[in-house]
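Number of protein chains: 2
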Amino acid sequence: MALHVLISNDDGIAAPGIHALVKEIRKIAKVTVVAPDRQQSAVGHAITMNYPLRAIPYERDGEFFGYAVDGTPADAVKLGVRYLLKERPDLVVSGINHGSNTAINILYSGTVSAATEGTVLGIPSIAVSLTTYDEADFTYAAKFSARLAAVVLERGLPAGTLLNVNVPAVSPERIAGIRITRQGKSTWEDTFDVRRDPANREYFWLTGRMVTTDTDPSTDQIAIKENYISISPIRYDLTDAAMVEAMKEWGVGDLK
Amino acid sequence: MALHVLISNDDGIAAPGIHALVKEIRKIAKVTVVAPDRQQSAVGHAITMNYPLRAIPYERDGEFFGYAVDGTPADAVKLGVRYLLKERPDLVVSGINHGSNTAINILYSGTVSAATEGTVLGIPSIAVSLTTYDEADFTYAAKFSARLAAVVLERGLPAGTLLNVNVPAVSPERIAGIRITRQGKSTWEDTFDVRRDPANREYFWLTGRMVTTDTDPSTDQIAIKENYISISPIRYDLTDAAMVEAMKEWGVGDLK
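Protein chains in written order, with my numbering: chain L, 1398 to 1653; chain A, 1398 to 1653.
Take the hints with a grain of salt, since some may be wrong.
Heads up, the list lumps identical chains together, so a pair's fine if it works in one copy or across two of them.
Okay, derived cross-link-like pairs now, PhoX-like style, lysine-lysine, Cα gap no bigger than 20 Å in a straight line [what the hints assert, rightly or not]: (1) Lys1653 - Lys1424; (2) Lys1540 - Lys1427; (3) Lys1622 - Lys1483; (4) Lys1424 - Lys1582; (5) Lys1424 - Lys1540.
Source of the hints: derived by calculation from the structure; they are not laboratory data.
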């Protein structure tokens, strides 16, 4: 039986990154696309419970391309796996995101969230991002994604673990190599732009810049700066095991 | 100088859980409330970048209670710390959520997200939930939160780690004790209710039930079932360290 890959993203079903990805993954497997109908960046792992969802067939070049869902990336994957696909997919690939998802950005990422939802549903999952906000060529990143997808289809992933992949936005010959990485600690120096509306009421617009505080080459943040493809295995079990042990000395039993 | 606690939630600034919490925390510290203006459940760690935010003073019993923000829990905490509070808070407390935030639900939780954002901003943070969806008495959970907050204000927390607290919704004398726990693996058996709108177009509504597959008393899920208050130290570094090592054997360097 043919392998079946569910593809989603957070840039929306019309974004160029998902089209490049679908084109390459179709060479190795049957593909079903279930993706948000519009951009859903920075939605984190939101799911929609208080509103209904719709899934509208979306055409590209006169052919059925996939289902456009009026929800979040996690909604799209959940609806795809639980209802739209008639069989359980062998793999979920989310992307290719236009912009990096490294360090603290993983928390806010809709791209990673779609892959996380795949993992929650027990399916090996990969999130892929191209590390530029400028106009981008997704061709190499898509070809690399298909090669990595083939490996994961063969080897599987441990339950609860997904792969978060970032591909430097440079020409293929400038890619330095591939590094297995961990999530960096770099974060945002964010501020709010304070403005006044026409009625002179104050409002706020989030702005800021990502500041690289990481220096360790084993982090995703530094790997991509050095033109390496970064592959970070991440998990959704958030337990801080060391702190579980440390807190046993706190004597919190007395607080009851 | 008085200690200063920022309080937020995901049930919205008018919810009874945040009022009970504020009342108790005010006994040990100066409190500023910055919370969503309406219910924001299951928003995950979403932040608002594409729209402006407003912060409207919210009154309760004729007095200023806090700022109501038309955004997510993470937005509220970010805006509070980066702009509204004139000093850096010593602690962020999020809650008290009406409903448990254990096992897989931690991923989707807006309550946990508010505390995570506090942690990202470098401030010790606690998320508190009361484990019932029925009508609830937040009094004991609020008193416990204040006792725990006092301990955290004194001891601090490691960078990147927050506490996710669940309080069983039983009378205080039936609370069995306090357990330091890890995130359980229980998840949702979710389905989509397929319906037709008046124009006979299909739509989907997410439904389902949480299924307890955990059996280990050291998980949050089982602790609350046994009427223990569960305190799980969680972290936002998602790296699966064991898998980083294992993947070095995969030979992915050849994929370039």
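Each hint tested on the structure:
1. Lys1653 - Lys1424: between (60 Å within a copy, 18 Å between copies)
2. Lys1540 - Lys1427: Intra 16 Å, inter 56 Å, cutoff 20 Å: intra-copy only.
3. Lys1622 - Lys1483: neither (42 Å within a copy, 36 Å between copies)
4. Lys1424 - Lys1582: Close neither inside one copy (36 Å) nor across copies (35 Å); limit 20 Å.
5. Lys1424 - Lys1540: Intra 10 Å, inter 60 Å, cutoff 20 Å: intra-copy only.
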